[in-house]
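Asks: Chains A and B are the protein sequences, given in the same order.
Quick note: the first sequence uses our numbering, first residue 1, plus one each step.
Quick note: the second sequence uses our numbering, first residue 106, plus one each step.
Bear in mind the hints are in silico, worked out from the structure with no lab data behind them.
Note that the structure is predicted; figures quoted are calculated from it, not measured.
Positions of the beta carbon are idealized from the N, C-alpha and C atoms, including for glycine.
All clues stand as given, with none of them false.
No more than 20 Å apart at the CA atoms, straight line, and that leaves these computed lysine to aspartate or glutamate pairs for DMTMM-like:
1) K201/B / D71/A
2) K50/A / D13/A
3) K29/A / D71/A
4) K46/A / D18/A
5) K201/B / D13/A
6) K266/B / D229/B
7) K201/B / D76/A
8) K178/B / D154/B
9) K201/B / E23/A
10) K201/B / D6/A
11) K201/B / D56/A
12) K46/A / E23/A
13) K201/B / D234/B
14) K29/A / E5/A
15) K50/A / E244/B
16) K50/A / E331/B
17) K183/B / E139/B
18) K201/B / E5/A
19) K46/A / D76/A
20) K46/A / D20/A
Over 12 Å on every C-beta distance to chain A, these chain B residues come out as not near it, computed from the model:
21) P224
22) P225
23) L276
24) H287
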Amino acid sequence: MNQYEDLVRFIVDHLVEDHDSIEIMGETKDRGTTLRISVAPDDMGKVIGKGGHTIDALRTVVRAAGVRNHDRVYVDLNEPERAWSGATETTESWDEDDFAEEGDH
Amino acid sequence: MEMDDTTQQVESGYVQTVPVNDGGLEEAADTVDEAVAQACAKLGIEELDAEVLVLSQGVTALPGETVSGSRAKVRVWKMDALTSHAREILSGLLDKMGAEATITARRGHLGSHPAGDVPPVILDVSGDDLGLLIGWRGETLQAIQTLIHLMIASDDDSARKVYIDVERYRLRREEYVRSLAHRIAQRVRETGERYVLDPMQPYERRVVHVTLQEEEGVRTESTGAEPRRRVAVIPTNPENATRRPGSAYGNRSQWGQGRRNGSHYDR
Chain A
1 MNQYEDLVRF IVDHLVEDHD SIEIMGETKD RGTTLRISVA PDDMGKVIGK GGHTIDALRT
61 VVRAAGVRNH DRVYVDLNEP ERAWSGATET TESWDEDDFA EEGDH
Chain B
106 MEMDDTTQQV ESGYVQTVPV NDGGLEEAAD TVDEAVAQAC AKLGIEELDA EVLVLSQGVT
166 ALPGETVSGS RAKVRVWKMD ALTSHAREIL SGLLDKMGAE ATITARRGHL GSHPAGDVPP
226 VILDVSGDDL GLLIGWRGET LQAIQTLIHL MIASDDDSAR KVYIDVERYR LRREEYVRSL
286 AHRIAQRVRE TGERYVLDPM QPYERRVVHV TLQEEEGVRT ESTGAEPRRR VAVIPTNPEN
346 ATRRPGSAYG NRSQWGQGRR NGSHYDR
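Could you build all of it, start to finish, from the sequences and the hints given here?
Replies: This is the structure in structure tokens:
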């Protein structure tokens with residue numbers, strides 16, 4: 001699983017300013033590997049991006065790298081408590097709307 | 106446009122303006138590869154560091170045939186620092202993704218870019234089995250593009266655009282989207298009814314807007330939110346319609362994907 005950790009580190013390292021604070025923890029379960037990224041609080045925004053654009057792109061790229069080896073690789077960002085609870089809610093409600101729309105056939 | 110440029114008719118039919126005194130070197134040979142190699146030798150650079158604009162593909166002679174006056178012609182520049190930096194990062198990323206690929210730099214079209222600006226550069230990724238780098242509807246390619254833009258971290262907004270393409274996917278999609286746009290415009294004019302295209306990548310939506318800018322009788326606008334943002338093609342003179350909506354090949358808005366007409370995606 002080190003290859004995916006390397007990939008994530010390579011990307012995150014080029015996005016953030018505080019390179020020493022990057023930590024990536026891998027956890028493998030039956031249904032796949034989850035890589036948890038920690039970065040300095042000031043760098044969170046750079047990894048998440050506007051509307052989660054950056055972290056989404058990162059997830060897509062890592063997932064694609066896993067497909068070749070039939071590995072399921074997920075990426076999560078460790079969020080400090082104080083940071084951004086509001087934004088998570090927005091994402092969830094958007095997902096619900098979208099789901100309702102899809103199911104309405 | 107004031108300039109001391111030469112305007113050249115490029116093989117594919119569009120007129121391309123090529124600045125003359127910008128360090129580029131023009132070479133002709135039997136094949137594009139040979140022409141590039143020659144130019145690189147003269148410029149004293151590695152082929153890896155070359156940015157290439159193909160002016161003419163040349164014609165390959167069949168066995169026993171002699172072809173004259175149809176040589177491959179290219180213009181080659183030494184890659185600039187930003188492109189070189191982008192290529193290095195892209196190469197690192199692909200390597201870490203486990204993809205074996207070659208990256209070459211192609212000079213993009215001037216197209217709709219402001220005169221005087223250096224045209225964008227396209228980093229062409231080629232190799233075996235690279236479908237994974239493209240993904241469903243180019244989703245992975247778009248993600249790679251997004252990350253590379255952020256990773257090269259140019260704070261300069263006026264910096265040259267660097268695009269990434271895999272196995273010419275973007276180029277092929279662009280051609281497809283352009284012909285689709287013309288077809289749909291024709292239909293919208295005939296039926297007098299707006300048509301909402303399937304969701305597309307931002308880059309592809311831009312191709313539709315630019316393509317239909319010059320078409321009579323239709324205008325375009327984007328509706329909905331990413332990643333399901335779509336282009337609507339709208340008739341400007343619906344009273345000129347010659348065909349009833351829903352007739353002929355059928356108006357898809359009655360079935361299938363078009364069912365979402367009137368949903369929040371379309372507003």
